[in-house]
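A.B. asks: Line order of the protein sequences matches chains Z and L.
Numbers 1 to 707, taken from this note's numbering, label the letters of the first sequence in order.
Numbers 1001 to 1707, taken from this note's numbering, label the letters of the second sequence in order.
Source of the hints: derived by calculation from the structure; they are not laboratory data.
Remember, predicted model here, so these are calculated numbers, not experimental data.
Incorrect hints may have been included.
Restricting the straight-line Cα-Cα distance to at most 20 Å, the calculated cross-link-like pairs of lysine to any residue (SDA-like) are [said to hold, decoys possible]:
hint, chain 1, residue 1, chain 2, residue 2
1, Z, K470, Z, G505
2, Z, K436, L, E1618
3, Z, K621, L, V1619
4, Z, K621, L, A1425
5, L, K1621, Z, P646
6, Z, K621, L, L1640
7, Z, K491, Z, N685
8, Z, K470, Z, C281
9, L, K1227, L, P1214
10, Z, K34, L, D1539
11, L, K1149, L, E1041
12, Z, K621, L, G1650
13, L, K1621, Z, K436
14, L, K1045, Z, A394
2 protein chains.
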Amino acid sequence: MVDPARKARERADLGFFFSPRSIAVVGAAREPGKVGRIIFENLAKSYKGELFAVNPKAEEILGYKCYSSLSEIGKQVELAIIAVPARFVPDVIKEAGSLAPKGAMVISAGFKETGIEGAKLEAKLMALANDLEIRILGPNCLGLMNPAKKLNASFAGSLPKAGKIAFMSQSGALCTAILDWANGGGVGFSKFISLGNKADIDEIDMLPVLANDPDTNVITTYLEGIKDGRAFIEAAYNAGLRKPVVALKAGTTSAGARAVSSHTGTLAGSENVYNAAFKQCGVIRAANVEDLFDLALGFSEQPLPKGRRLAIVTNAGGPGIMAADAVEQHGLTLANFDPKTVEALRENLPAEANVYNPVDLLGDALAARYGFSLDVALDDENTDGVIVLLTPQAMTEIVETAKELIEQSKSHKDKPVLTCFMGQAEVAKGISALQKSGLPNFVFPERAVSTIAKMAEYAERRNQIRPEIKRRPVNGLLVEEIINAESERGKIVGAQALKIVEAYGIRGPKTKLVHTIRDALSAATELKYPVVLKASSPDILHKSDIGVIKIGIADDVDLRRAYREILSNVDRYLPEAELWGITVQEMVQDAREVILGMNDDPQFGPVIMFGLGGVYVEVLKDVSFRLAPLTEADAREMVLETRSFPLLQGVRGQERSDIEAVIDALIRLSQLVVDWPQIKELDINPLMVLGADKGAVAADVRILLEV
Amino acid sequence: MVDPARKARERADLGFFFSPRSIAVVGAAREPGKVGRIIFENLAKSYKGELFAVNPKAEEILGYKCYSSLSEIGKQVELAIIAVPARFVPDVIKEAGSLAPKGAMVISAGFKETGIEGAKLEAKLMALANDLEIRILGPNCLGLMNPAKKLNASFAGSLPKAGKIAFMSQSGALCTAILDWANGGGVGFSKFISLGNKADIDEIDMLPVLANDPDTNVITTYLEGIKDGRAFIEAAYNAGLRKPVVALKAGTTSAGARAVSSHTGTLAGSENVYNAAFKQCGVIRAANVEDLFDLALGFSEQPLPKGRRLAIVTNAGGPGIMAADAVEQHGLTLANFDPKTVEALRENLPAEANVYNPVDLLGDALAARYGFSLDVALDDENTDGVIVLLTPQAMTEIVETAKELIEQSKSHKDKPVLTCFMGQAEVAKGISALQKSGLPNFVFPERAVSTIAKMAEYAERRNQIRPEIKRRPVNGLLVEEIINAESERGKIVGAQALKIVEAYGIRGPKTKLVHTIRDALSAATELKYPVVLKASSPDILHKSDIGVIKIGIADDVDLRRAYREILSNVDRYLPEAELWGITVQEMVQDAREVILGMNDDPQFGPVIMFGLGGVYVEVLKDVSFRLAPLTEADAREMVLETRSFPLLQGVRGQERSDIEAVIDALIRLSQLVVDWPQIKELDINPLMVLGADKGAVAADVRILLEV
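Bound-form chain Z, shown alone:
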């Protein structure tokens, strides 16, 4: 599943895409409005390195000499930007030959996105690029921007201001919309990348580049599909250790997924699997573009909160209530102020003000009241961050208040301050002042709260040490033997399937093979009544049909009778059968049924599922997913996040189930399917979970192998 070429390329430095020493624009056109012309103009305007125009039909463009081809330049350029019709692009690459650039950005559309012919052209392009060791960005992309270096290598309009947000997107159109919002709202970027068809360079290549980029505080991306899920997770996890990675993933529902297929031909993974993958690698999922923007602003401008205790300062009760509502909905808490804080507020605010959290400064609050209150709220040790709300009332000093907040935020650099100046016309100047000084403003109180909630979550996650996946000792040889024996049939069930999970330490029912009634009696005594009795024979498939399996045997008398009946039924119905003996098997009782499953996802590989058995899975769809391999924490989260989890803790007078045994079984299942990639599907249904410390027993196992 891992692209074989990737490994070789993965440490390649892509920095030259962002700060190339020299650039050639192939297809630099004379006609105003043409893509190649716009790009060349954008570069001519502010690019500081060597710039070449390639256009066989022109003498000069904007005072630059035109070369007829890349090779005619006579030396290697670092970056070629290609904006000629798609069918000519392979020739441009090929012609460069020994003077091939280090990288090429292919702006031209008309490749994979248009159908089979285009896909062939794209394959041809990539074959040539691989031969000449040229890294390709695109095709079908808008280009990229590095505002800090004044590099606008795109036809996407004017350069945004320099900022700390990196953005990369598969959709060029979304790039244009995002740039327009950013320009309208004064938002800056560190790097802005249109990935296009991702024939070569994709998010997985860019993540480490952006993680190492000192100008970038937060990495944001819009995804439609991921080809190599595992590599993405690894790259995103590693990037996430350095800075937050925020992803907007489209194509979440089946209607959306249809649109993805018709749009880029990439396969949209199932919603559940993406959610599991993002959770495991710490990618922060944005619900929509708005959310992406909010998160980008919060993460890029403000420090991470050290906890979840939030203070709210407002000049209006209603919005304060909305913020308090949101605090609870997002799993944060309203900070419980230190008595000193309450005292300070009481002394300095009017008598009618609310000095508890949310702090209501009242409608006539001037700038100084805001400044004082933010100061004491930030000083309070019980506060991890503050949200400041302002409504433009008759006396409100909008710009002055913004200045006060900026000052207080600057002198408390360890705690995040998010603002919400509510309105548009009157508040505009205040918002603009806030944004210029790195205080992000949110349109509505809920948005500020949900942003700080995600910041708190990220902070918690980043502080955790990456858990090691500890291998359990297992009997791999036995598994290999069974899989080899069964590989042709492609399906393993019954005793053989049980043996496989047992080899990985998930126990099946206890059994004893006996040959006499006396041995059967002592086996039953050992296993404890009630027991199950079965004829053990390779020749008998449907045991219950002919009366050679007896369940619920309660005592010695029952057992003697059942033993004789089984023997006589074998004699009567299958006189030729080879009889290995009689199996005495424990009957698992007082257990709670759960289901453990595994499925092989085309993009992410083995995915583990957990749910409570019966109606909980089938009717309530109450299941959780994680990608294998599972850490202990993953397995625990899987169990905890199901709604029906409390049933395992024992409710209504029932005994607590052995939750640890379920977690252990999940980890062992994960180890099994990672060790044996031949396994494409596996269900343990049910796993019978006994009372606390009593373990769990796999009652039935079904395995599908790769065919």
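Please arrange chain L on chain Z, whose structure you already have, making use of the hints.
C.D. replies: Below, chain L without anything else, positioned relative to chain Z:
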């Protein structure tokens, strides 16, 4: 619960608040910046009626003569606007005497919102106002605006443009923020009302006024609490038949609810009850201010869709996918174009365009391509509405495209068109053109989709005929008798409680009282084994402790033995007890347990709850609520909306339960608690639901009465 004064007032015409023939501003101040001065200035600027200034300390203000009091004016004014310190307000009212105005708007703060003393002052004010028959808006409010009449009777800044949205809010501060957004975005209002403390006039009074207002297309409101829930529901239901009512309700979570209490002293109803109430009266709930704005724009500017089939037209794949995702998430469907539409698009769009829904016009789409495609999409009979997305790409004609969309929308007035020009800087001119022509623009595709989804829901609901509540025949006399007998204890359980629900047609277990073994045997044969046997005696409370109840009696032999044992246990342990006989009772088997409950909500009165028994209620909290009285449709929705509902349909080979019997029991329970308001709590737990057409049996009932 219903305010006794309300009935008398409810048909009162409040129109003079919005178009008063004369206004006096009491507290019209000379000092610039003072509230009374701002209001007077705002009125002097554009109010067309007679305007008086009342200020005993001034001669004239802005060229208007100052009167020392209302009575000094010498005639009755329709509306007095009072902006003097709170403590003087009652005197202002009192002094007016026989020249009391029809209505008074009390701007002054310092009443109920400040605590007990303020609440007393407010009560004093209202007593005087009731005596003099003055309707009061406020106190502690910003005032109101009627932009179409150029009436700005507020200190909330400049008059917004005239529009079709009515807004009323308990929170004055939110009013200022909403106005500022509206002014920034060019949004207009029909009426804008700050309700303040709602001492007299509240949402319930305003709803019929706004429902009858020809300038208003949609009624929006921000609520923190409702005093008289039933009256609100009735008013909102009636208003909703004429035009949509959109409410933002704050204080939804417990953190928020704390803030509500400290803010206005109103009680926040529980989230579940509010949701049930809004569903039943058709109020559209906005999730936040943003949502309120979006819904107000969609409803006020565009026609309602006739169905849920949506077309999407876009110049960018990514946003198209987001919109398609949202379509599914919000219960809409992507319209399946008529072949003629597909053909027309295919003939007129470039070959690479997607001619199926979502229609992708490609990044180089000019205005004409948009216009043509919107035209055919609107013409298609399979389309109920269209969402048009635009990203500002290199060649995009933003303003021209807006014009094309406006034209097409105007020539297809029967179907809604919502736009989403994504961006801020470049797209601004296009958005402004759209808004001026009544095409609402949404910041993100999801928002347009969620708005049209609510519009479709409202259209469906409004077309339904209000269901009658049909009374079931019941035995009210028996209930009265039992309630009277038990009213002192305040609690009814056991057989008496069962009798009450039985009197309302919810059956309890079948029982026979017998006095001989022979009669017991024939009773058991009639009821069918297994049965339960109990001593029937008013003197025996805990029957199982002393062996006078026997369950699971399987046959005649069992029954004889049990009968004798019960008699001998009564003899042994309670020789003095009065024995009425022995009760033979059916044992309900093969039933699914559900819970029906009722609770008396302080704001909304009797609320009915439904859930599946056991873990489904206790662990999964899978319950639904509606206010009594229930219509048949309400009861059915209650059952259908629980997640565990499929269990009643029969899953995993189980029989389908008698769902109709559950619905019938809910309706009968509703009738019972409406008929007998003494009942404050009632639980039928469990109601044993038998197989299809076999009915349901209340196994245990617990009733709490008003004490």
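A.B. asks: Decide, hint by hint, whether the structure agrees.
C.D. replies: Okay, the hints, checked on the actual structure:
For the hint linking K470 of chain Z to G505 of chain Z, the alpha-carbon distance of about 14 Å falls within 20 Å, and the restraint holds. With a CA separation close to 52 Å, the supplied pair K436 of chain Z and E1618 of chain L exceeds the 20 Å bound. For the given pair, K621 of chain Z sits about 16 Å from V1619 of chain L by alpha-carbon distance, which is consistent with the 20 Å threshold. About 45 Å separates the Cα atoms of K621 of chain Z and A1425 of chain L, which puts this hinted pair outside 20 Å; it is violated.
Between the alpha carbons of K1621 of chain L and P646 of chain Z the distance comes to roughly 11 Å, so the proposed pair stays at or under 20 Å and holds. For a cut-off of 20 Å, the pair hint linking K621 of chain Z to L1640 of chain L stands: about 16 Å separates their Cα positions. Distance check on the hinted pair: K491 of chain Z and N685 of chain Z sit about 16 Å apart at the alpha-carbon level, within 20 Å; holds. Under the criterion of a C-alpha separation no larger than 20 Å, the hint pairing K470 of chain Z with C281 of chain Z is consistent with the structure, at around 18 Å.
At roughly 28 Å between alpha-carbon atoms, K1227 of chain L and P1214 of chain L are farther apart than 20 Å, so this suggested pair is violated. Of the supplied pair hints, the one linking K34 of chain Z and D1539 of chain L is violated, its CA atoms being roughly 99 Å apart against a limit of 20 Å. Note on K1149 of chain L and E1041 of chain L: the hinted pairing holds, with a Cα-Cα distance of about 16 Å set against a maximum of 20 Å. With a CA separation close to 16 Å, the supplied pair K621 of chain Z and G1650 of chain L stays within the 20 Å bound.
The straight-line distance between the Cα atoms of K1621 of chain L and K436 of chain Z is roughly 47 Å, outside the 20 Å bound, and the hint therefore fails. At roughly 18 Å between alpha-carbon atoms, K1045 of chain L and A394 of chain Z fall within 20 Å of each other, so this suggested pair holds.
Of the hints listed earlier, those the structure fails to meet are numbers 2, 4, 9, 10, 13, in rising order.
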